[in-house]
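Asks: Residue numbers (the working numbering), protein chains in the order written: chain L, 1 to 508; chain E, 509 to 1016; chain S, 1017 to 1524; chain A, 1525 to 2032.
A couple of the hints might just be wrong.
Part of the chain A face toward chain E, derived, beta carbon under 10 Å [what the hints assert, rightly or not]: (1) Gln-1555; (2) Tyr-1558; (3) Pro-1592; (4) Tyr-1614; (5) Thr-1617; (6) Ile-1859; (7) Glu-1861; (8) Asn-1879; (9) Arg-1985; (10) Thr-1986.
What the hints contain is simulated information worked out from the structure, not anything from laboratory work.
We treat Cβ as the ideally placed atom computed from N, Cα and C, and that holds for glycine.
Number of protein chains: 4
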Amino acid sequence: MNYKITGDENITFNNNAFYCIGTGRMGLALQKQYYEQLKLVQEKIGFEHIRGHGLFHNDMAIYREFQPGVPEFGPHAWEGRDEKKVQVEYNWTYLDMVMDSYKELHIKPFIELGFMPKQLASGDNTIFYWKGNTTPPNNYDRWANLIKATLQHLMDRYGTEEVVTWPVEVWNEPNLPGFWKDANMEEYFKLYDVSSRAVKEVDKRFKVGGPAVCGGTDKEWIKAFLEFVRKNKCPLDFVSRHHYTTEFPNYDGHYGYPKLHPKTKCFEQLDSTRGIVDSFKEFKGMDINVTEFNTSYIPNAPLHDMNLNAAYIALMLSTFGDNHKSYSYWTFGDIFEEGGVPYTPFHGGFGLVANGLIPKPTFWTFAFYKKLTKSYEKCVLKTPECIVTKCKDGSFRGIAWNIDDKLSGKEITLNLTLPMETKENVLITELVDEEVCNPLKVWHDMGEPANPSQDELELLRTSAQPFVKTERCKNKVSLNLKENAVCYFEIKAAPIKSDRGYTYGRLN
Amino acid sequence: MNYKITGDENITFNNNAFYCIGTGRMGLALQKQYYEQLKLVQEKIGFEHIRGHGLFHNDMAIYREFQPGVPEFGPHAWEGRDEKKVQVEYNWTYLDMVMDSYKELHIKPFIELGFMPKQLASGDNTIFYWKGNTTPPNNYDRWANLIKATLQHLMDRYGTEEVVTWPVEVWNEPNLPGFWKDANMEEYFKLYDVSSRAVKEVDKRFKVGGPAVCGGTDKEWIKAFLEFVRKNKCPLDFVSRHHYTTEFPNYDGHYGYPKLHPKTKCFEQLDSTRGIVDSFKEFKGMDINVTEFNTSYIPNAPLHDMNLNAAYIALMLSTFGDNHKSYSYWTFGDIFEEGGVPYTPFHGGFGLVANGLIPKPTFWTFAFYKKLTKSYEKCVLKTPECIVTKCKDGSFRGIAWNIDDKLSGKEITLNLTLPMETKENVLITELVDEEVCNPLKVWHDMGEPANPSQDELELLRTSAQPFVKTERCKNKVSLNLKENAVCYFEIKAAPIKSDRGYTYGRLN
Amino acid sequence: MNYKITGDENITFNNNAFYCIGTGRMGLALQKQYYEQLKLVQEKIGFEHIRGHGLFHNDMAIYREFQPGVPEFGPHAWEGRDEKKVQVEYNWTYLDMVMDSYKELHIKPFIELGFMPKQLASGDNTIFYWKGNTTPPNNYDRWANLIKATLQHLMDRYGTEEVVTWPVEVWNEPNLPGFWKDANMEEYFKLYDVSSRAVKEVDKRFKVGGPAVCGGTDKEWIKAFLEFVRKNKCPLDFVSRHHYTTEFPNYDGHYGYPKLHPKTKCFEQLDSTRGIVDSFKEFKGMDINVTEFNTSYIPNAPLHDMNLNAAYIALMLSTFGDNHKSYSYWTFGDIFEEGGVPYTPFHGGFGLVANGLIPKPTFWTFAFYKKLTKSYEKCVLKTPECIVTKCKDGSFRGIAWNIDDKLSGKEITLNLTLPMETKENVLITELVDEEVCNPLKVWHDMGEPANPSQDELELLRTSAQPFVKTERCKNKVSLNLKENAVCYFEIKAAPIKSDRGYTYGRLN
Amino acid sequence: MNYKITGDENITFNNNAFYCIGTGRMGLALQKQYYEQLKLVQEKIGFEHIRGHGLFHNDMAIYREFQPGVPEFGPHAWEGRDEKKVQVEYNWTYLDMVMDSYKELHIKPFIELGFMPKQLASGDNTIFYWKGNTTPPNNYDRWANLIKATLQHLMDRYGTEEVVTWPVEVWNEPNLPGFWKDANMEEYFKLYDVSSRAVKEVDKRFKVGGPAVCGGTDKEWIKAFLEFVRKNKCPLDFVSRHHYTTEFPNYDGHYGYPKLHPKTKCFEQLDSTRGIVDSFKEFKGMDINVTEFNTSYIPNAPLHDMNLNAAYIALMLSTFGDNHKSYSYWTFGDIFEEGGVPYTPFHGGFGLVANGLIPKPTFWTFAFYKKLTKSYEKCVLKTPECIVTKCKDGSFRGIAWNIDDKLSGKEITLNLTLPMETKENVLITELVDEEVCNPLKVWHDMGEPANPSQDELELLRTSAQPFVKTERCKNKVSLNLKENAVCYFEIKAAPIKSDRGYTYGRLN
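The following block holds chain L by itself, in its conformation from the complex (with noise of 0.2 Å):
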């Protein structure tokens, strides 16, 4: 493929993909790995929010009834309970401590009011491994105080200033009888209702939303909710869905393979909800945030390890800013248990980073999008299969990926010629493909082994950086790109200004 960009090209891309990412539940942030994972994301990455389970969930140990008088344990807990004598104390130890360790790591929550915890609970449904209890409130009255008391906890910590510019939305995947019992819409509402104005209460400043729903049912329940926010006049700040890519995955032992959407469609089942909120015109051009993405929404998925996923994603990345006002990954990393505790470092999960601390292909996806952001003029190049972007000092900067998903091993040549103002450039190139950048293919070929040594992590980690290479050039660049690879380039001026008496390459 042969483009030429004369440098007056202005092409719609917003480059949002760093507003959120998502997280496993909020008791794993306590963890150690959690903060090590995280904190090589925001190092090289750098996300501005974070959002995951569990707020609530009994791990955090936040919520908490009791009775005076009356015993809490033992073979008589809670006998004499009355209602109207109980009274509920919040927990605030462990929220602080991840909150804490957020802002050390220069990411703020997005938050999402979920699950329920266990006293406030109306039944014993949960949800993964660890038990997320996926029930309405026995009590929406203390519900909406739980909703206040850590809102406003968090903004005593934290700054009021601060803490209202952190999104909330209302629970998670409603419309999926697994999250949200019997997928009942009625009671989400409810939920809905009463959560967010018991947001607005703490600060009408405070951006909330809903209703989190996944593929499927979306059309209904986002046209639903609407109606019902409309007639009932509760407050709405953005519109929140999720969207994954493949179909149902087949499953064998811990692991399940589903298939991949085709490239060509990666946006087919999210593209309905622009117009469905645009028809009202109340909600018209309202943010859409997708709060979850990913190619599958299984955490044992081995696609996600996989050189295929880092292309995949960096397609949708050129082009999914044009409609929603952010897209949040589903996850920076591994400590991750809603399918029980992973057996081996590369196990299918949803992170950019692996266990062990090895960055996977599609964490460069992202780094590479971020290094778009840097000095961004404008985009001069958008294809399905590369993005230019032109800076401000007169270089350009861009992505190209080679989508094989039939790992057919066909190849792709880029080439481009660029404006360049002179002839002494430099193109440097940072490659990740299943040749250079693999520490799946690395790891497969050491034997799999489910507790890698030190010395094999060490290994790993460095097998998994981009390739690096750099050339001399003019204005002409040319590409090739093996299957399933994503290659950042940069053409800039870079005149040699060698220091006396030095010559490159000279011997005697």
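Using the hints, position chains E, S and A against chain L.
Replies: Okay, now just chains E, S and A, sitting in the frame of chain L:
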């Protein structure tokens, strides 16, 4: 080239490359960047001792004379000096800072006694940009006292048992007029006599040696030195000398371009020493410490930064231990001021690490040899292009190189057949060559920036990692080496132990 | 009190306080704050082993059963279970993370085998907020296999020679129904029999022991246990038990207030064990490891945070080693969930360190005893209020305390005369008492904030340092101890060696 | 002394103590220990700018002349020099290292142009142990070019918008012959003229100033300088001078003992400057930057290490901002070589931090003033013994001191009545006095070790922390200050919010 290894081989290989490493003058060890470079070297390679000049140089501020009632500074300085009333005091402030940081980094000094503090010097001759004084002491008693006080102080601070394991060498390259006034042999012998006795007076267990000569007049000097020692019954625990493998360089501006000795003659100038030492029955078999070696002996030879250097050193390290107790690469890093402060990160410095914390190709040569020590059982193959060792666990490790000192582009293919116990093995290679690990080229392509930005430094560091590759194999290994490649390889049993349900490469 | 020390004394003092330290359940060792607290403890004190519950608890996720073709989750979970077809797999992911961080912190496990993984449990009895299952295995073969697989995995990863030095203890406090179903003695003996043989099957060099009982029925249990072991010829390398020195507490809200045993009876409940063991000729002199001790046995006794606790423990440590191989303070830190997640940094937790990284007074008791080990020669004085030791260099070190369990305010003055060799000495004291090192009081005065800000935490940490004082002395030392003070002191030769011209205290 | 504060007071207090801090010469900023000391200072205090000598000193290696074809070194160095053919090159290697580390530590330079690089010097006059050349340039064009090249390089590397906020001062103390050859006023004015114009040529936004004089001839110099500037229309953005408050010292060995000015006259020698500047209508109200101040102006005055110094500086800081834009304490740390390398950690150096990373009492004076800036609303009391400020949240903060320059032992009691809103308050005090925070005394009592061990250093650091004390209070505060105490205090609302069931001090 084809080799079949049976496993019954047992070839001489004394891998002593990590006994000692060279350094810029001791005063530079106070610097933060020096510390960081040494830290990197210790983490990835790990040397036991460190040797450099300038222990007694003025910037260490150890030696100071004064006389009560006589001004030390100003227009009347030292008016009324009376030698009998002059007193000496010692200042250990900087010495302790240096030694404390060595201790933190788990490296011990190889003490070189020199150069002459200004107040103790008999003349004004100096060497280097930093003006090390190279004249004999004006008072040999005070010189002996300085040595004794220094060793005693070190023992008080770091423990006697520890400090007596630090070797002591008397002066540096006295056979050059630049390093020792008039290259006066008699005077050096006197210095050696006084110094070696002073050392033993502190503790007999110290190992002391000399004459630390460089090539040229080495034969005459070593012979005469041993005769002197024998005759005068001086203490002597080892003989020391230096070894460089280039001709006198062509100079241009800040740089020098020396011709490298043919690889077949890389030890030619060194070979006579063993014979001379062994010709003295008193000294037969005595340890020879090559207390400096490198290709070029100038700190501004671009050769040091090149892949050619890495390949050439790889050859040297394979046989250097055959005749020598130790051999100390000159130097670990590029914080070094002998020729002045470098203008650019790559400037042909001696260091394994360039300024900006960038490992050079030769860094990896040492790191690769270090890997051979892990679980080492014996050497099974040694050729001018490779070395292969067997580990206690039945695996094999090796290093191969392709010295191309004409930059002709010729390639080498190495085919090995190995006595593997099973058919399920992995071959791991870590490659350093002009394409995959050549930060000098990357820096050149960038325009040879004298002051790279933090982003540019990070790119340089990423480009300076070996290229890791793995493949499944049975018992045959084929390595293709491009010009000036150095390749570490490891073959070991690696049965695939997939987790339940995991199939590598499966899509759906 | 006045004591004159001649230097000829030689008093029994086995300072084994650092052999082992207790910890919250193993799953908590994944946490970042846990790591930081343990790091502080290791840096300032330094223990050899660490012991806690929960190695096999569900959150470690080690043990998992499955049966091919039978669903593990969902409404039809385990339908068609056929015991003969059930297979077991092990997951070492979290175990390795924990053990890797122990290794980083230079501490080794003291392995406690327990509690029961849910799938291997014979019942639903649990203990603690975190619901450790306390029932016997439903299958003793699988239990034995779990032990063997675990030890084997540890040996594979950390080296056989290393791992066999980790002691192994069977279960925890089986003489309490809370910890072991029905406190069934016969069943425990069976568990011990199977477990101890499994351990030795892996490697005979492992040291294995029990019965890890607490006070109360300890006499009966230990006697019966030893008879069982003798009769059945079980492996047994040490006897273990626990020791706490308070009565049953009064409870109020989240807290409990126990009465402390009088200091003169601090070992009363423990004293019978040595006699019982020695009454068996086969076990006479066998090591007794007190694998838990503290004042109170509840994790919410404000006593633990008080200076009184520090003084009381100081007394215990002075004689604990007389009859016991080791004694393990329960616990190092306050990341601990037995009674739920603490609401406030000071909450009467067992830890030496409060959450927020604040050392408690008792932390310093251990730090002070550690200082006695440095250059230790012998003990020259031991009273109920102090201990004094002589160092190899002729200096003296000691600890003095003033246990005031009525908070009566009484003071103690200790006068020592020491056989110093010269008259120019320094006395260094490090004092911990209710005025100078009492972070609990500082926190109380601040209003008992549940969630101190970073500034408040820094203040708390600063307030939690011992008060250092020095004075010039000859051979007499006088120490005044306020209520519940613990004072470390050191007297050593310190001739004033002023630098030339320096006069301390001179103004002009 | 008794004071009643109503809260309606509003007293002038410009707390500018953190605008700038002094440093040893720039070449020392390469040192690791320098970095660590500055890091401690920045973490606990935090200054905005840093100013020191030696930007152009030889050890920074910035300026270099050469002439093609003419040897630069050796016996024939510069033979054939032809001024018209001489070229200049600049070396930014070390400058960048220094500036990069300043950036890491969040401190910006206050640029001092000086001293003279050897090749640009017109004579041999030098100052200090490190021999800074103090002669005018031999070529003013090259001097101007050096300034322009340096500023341009800094802007290229650190950003134009950033670098133009770095003030520029021309030379240092030209009114002393030691610092400027013959203290030649005309020559300095020429230097200022050329330099200030060079600065503005690079960017008009730079703030440039002088004449950086010390006391003595300051009146004559400042007046003549302003006349010169007015007449020649030189750029001038601020007037700068220095201020020290001691007499000429008595010397003995390595030390000097100066008499301190009475505290009531601590600004006496400085007071004329404001009037002189304001007497020029063109310069009326112009910023006066006191670019150096301290008690003694010698780097070996034991006074600097004493509590007296801390108390005296506390007084100065309370009113220094009344007439001066900024005042820069000379210096942050004791890596400093003007009088040679110090022999001992305490040696009367200027630093806030002693070598070994020990904060001196004066360090806390600055740390305490920094605390006043947090949530500062206004000053409500200022006396010769204390300052009290009100915070936006209704709490009060203050500092009190007791200067006892006779070491007479007199004490001061300060009684304050404050308009607290509630009765439940806490008083927090942090005390530095000769008993509780006096590392100099601890070091003396230890025998004044020149080279303390790591254990001794740790003890010294622990002894160098302020003594923290809290007490519950209503609206009255009583502080007792022993000789040379400096006490920070804070009174704020602190209602006791005990957790459920918690009773402080309850035993059982």
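Asks: State the violated hints by number, sorted upward, taking the hints as numbered earlier in the document.
Replies: 9, 10
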